[in-house]
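Can you make the complete structure from the sequences, with help from the hints?
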Amino acid sequence: MAEKTLVAITAGGGDYIMGAGGTIAKFVAEGYRAFVIQAGNDEKNSIGLGPAETRLANNADAEKAARLLGVAELFNLNNKSGELSQLSSNELRAQMTTLIRHYKPAKLFIPDPFIHYEPEWDQFWTGRAAEETNYSNAGYFLPELAKAGVAGHGVAETYYYAARRPYRPGEGGHGSAKFMPVDVSAVFERKVEAFLALRTASRAYATHVKQRLEAADRPSGRLRHLDDAAVDGLARARLVELAETIGRKHGVRFGEEFNYHGTAPGAKQSRPPWISERERRR
Amino acid sequence: MHIAILLILAAVAAPAQDSLPLGKLPPGRVLLVAQPHHDDHTTDYGMGGLIARFVEHGFEGYYVRGSNDEKDGAHGYGRNDIINLKETWDAIRILGMKKVISLNWRNDFMNPIPLDELREQLIFVIRKYRPDAVLGHNPWEHYQKNPDHRNVARALVEACWLAGYETVHPEHFDLGLKPHSVPHYYGKGRLDWGLGQISNIAMELNESQERKKELAIAAHRNVYGSGGAARALSAELAKEGKYIPEFERAAGELEASDMITHWWMNWTSRQIGRKAGVKYAGSHNYTGGLYHLPGLREFVAQNAEPVR
Numbered sequence: 001m002a003e004k005t006l007v008a009i010t011a012g013g014g015d016y017i018m019g020a021g022g023t024i025a026k027f028v029a030e031g032y033r034a035f036v037i038q039a040g041n042d043e044k045n046s047i048g049l050g051p052a053e054t055r056l057a058n059n060a061d062a063e064k065a066a067r068l069l070g071v072a073e074l075f076n077l078n079n080k081s082g083e084l085s086q087l088s089s090n091e092l093r094a095q096m097t098t099l100i101r102h103y104k105p106a107k108l109f110i111p112d113p114f115i116h117y118e119p120e121w122d123q124f125w126t127g128r129a130a131e132e133t134n135y136s137n138a139g140y141f142l143p144e145l146a147k148a149g150v151a152g153h154g155v156a157e158t159y160y161y162a163a164r165r166p167y168r169p170g171e172g173g174h175g176s177a178k179f180m181p182v183d184v185s186a187v188f189e190r191k192v193e194a195f196l197a198l199r200t201a202s203r204a205y206a207t208h209v210k211q212r213l214e215a216a217d218r219p220s221g222r223l224r225h226l227d228d229a230a231v232d233g234l235a236r237a238r239l240v241e242l243a244e245t246i247g248r249k250h251g252v253r254f255g256e257e258f259n260y261h262g263t264a265p266g267a268k269q270s271r272p273p274w275i276s277e278r279e280r281r282r
Numbered sequence: 001m002h003i004a005i006l007l008i009l010a011a012v013a014a015p016a017q018d019s020l021p022l023g024k025l026p027p028g029r030v031l032l033v034a035q036p037h038h039d040d041h042t043t044d045y046g047m048g049g050l051i052a053r054f055v056e057h058g059f060e061g062y063y064v065r066g067s068n069d070e071k072d073g074a075h076g077y078g079r080n081d082i083i084n085l086k087e088t089w090d091a092i093r094i095l096g097m098k099k100v101i102s103l104n105w106r107n108d109f110m111n112p113i114p115l116d117e118l119r120e121q122l123i124f125v126i127r128k129y130r131p132d133a134v135l136g137h138n139p140w141e142h143y144q145k146n147p148d149h150r151n152v153a154r155a156l157v158e159a160c161w162l163a164g165y166e167t168v169h170p171e172h173f174d175l176g177l178k179p180h181s182v183p184h185y186y187g188k189g190r191l192d193w194g195l196g197q198i199s200n201i202a203m204e205l206n207e208s209q210e211r212k213k214e215l216a217i218a219a220h221r222n223v224y225g226s227g228g229a230a231r232a233l234s235a236e237l238a239k240e241g242k243y244i245p246e247f248e249r250a251a252g253e254l255e256a257s258d259m260i261t262h263w264w265m266n267w268t269s270r271q272i273g274r275k276a277g278v279k280y281a282g283s284h285n286y287t288g289g290l291y292h293l294p295g296l297r298e299f300v301a302q303n304a305e306p307v308r
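From first to last, the protein sequence lines stand for chains A and B.
The first sequence maps to residues 1 to 282 in the numbering used here.
The second sequence maps to residues 1 to 308 in the numbering used here.
For the record, the hints were derived by calculation from the structure and aren't laboratory data.
Small disclaimer: the values here were computed from a predicted structure and weren't measured.
Some clues are possibly wrong.
Under the rule of at most 20 Å between Cα atoms (straight-line distance), these lysine-lysine pairs were calculated in the PhoX-like manner [to be verified]: (1) A:Lys178 - B:Lys145; (2) B:Lys239 - A:Lys268; (3) A:Lys268 - B:Lys242.
Next comes the structure, spelled out in structure tokens:
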């Protein structure tokens, strides 16, 4: 296993940055090599562009954002965004599994498929297939990969993230999983810088917000002219509010939070209680 | 799950609830257990003890294996399939069940299969055997990484409901079958990956039922029998100047491995039993009876009469 390697799986180019960008930046600062697997081609998230132009623009933005965050490589699987439910989940899982076996990460960041009321179902389908890679990375799966020299790889730690909102009470942290807050205050500006590189998506978001405010008879002067400053200002405000809301829950300024499942390197591994209750000293 | 993994688990997930009410066996005579894999009826968060209890109280038990189990084991797909099927029979005989019905869907690749087809198979089986109680996975469990568990559970709860409709798959009736809806469902959820399920009852097990549960899971030696794991554990303990007395009486490493599996089951049953104030129990998410949802409780209390 590459001990200092992490992989983030994301539906679109910005989801992992919103949900886990600060934490990934922290690990990069600690010496981790970070790789991103993007499930969708981002062909629909724009204003005034056709699907091909949208895809091209968003993909270029995502590459830049990943670089700014410190990601070594972003690999786009190029499935059609907004239509992942039509894709065989076995196929999506196999795509992800192949790359995880290639990168051999110690840590895996995935969208949480079990958070409720997420209207963008690409999050769900991406998260579901990503979660299954934990199961399907054993050597008995996809033996054709092993034949090609790509052996199975178990990931020690999985971080489930909610891309666009804080975890709600009752979500995450059950059983042997831990609900894990991360203080990202020190790297927050790097997260913002990366997110602001997603100009095409941010402009679309700002346009939609402006339209909704106007429809509600509550137009904002800050969005009257959607120039770069207005778009960036809204994108930053979105990230700040999300990080502060999570931070307040955990007593830090800017936070991210995860449903964490796994065993951290160096963690003490105790024997199961059904063994320890029987062991005796000689 | 392989035993080597069990030995290095840092934390063992126990049911989250502090206490659980004890449930009673429903009336009836037929039990159907439908799970995707050869060992799902017997695992720690499973229901081997409850199956034994049903059978000891006179139920006929039938086991539906949804997948072909080709990936569980180290013998290659074809051999894994046949070995795991054989061991499924071994396990259900220990539990006192009558038959294994294997649907043979491809193991761990059940996400994109047509659920209506799987559901139809289960409706057919339900109409044929007419179970009073069905045991299966909880389709609402969270952080379930295995697609087979989710999909068989979802198809199963739909089948339990739709098998009672005379408008659903009427072609079955030409074969002499009749509609049959299932009144009692006991769900299970894997607890060591996260939330799993929230159990709402504990079912007490006696010594005999607990022992059958332990023996039934150990019958799946293709995946749970690991002499190497027992040997590694002994070596690890020896470095600390420790040993396990029972191992010294074991006939071999495989028997020692079986012991570990038995202890794992026994510990789990004791933990759940403690929450219910009994020695041994299993925990389940139960739905069923006449009024598990509001709307019928008052009517039944006022209007229903026992059969004389």
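Here's how the hints hold up against the structure:
no.: 1; hint: A:Lys178 - B:Lys145; in the structure: holds, 17 Å
no.: 2; hint: B:Lys239 - A:Lys268; in the structure: holds, 17 Å
no.: 3; hint: A:Lys268 - B:Lys242; in the structure: holds, 18 Å
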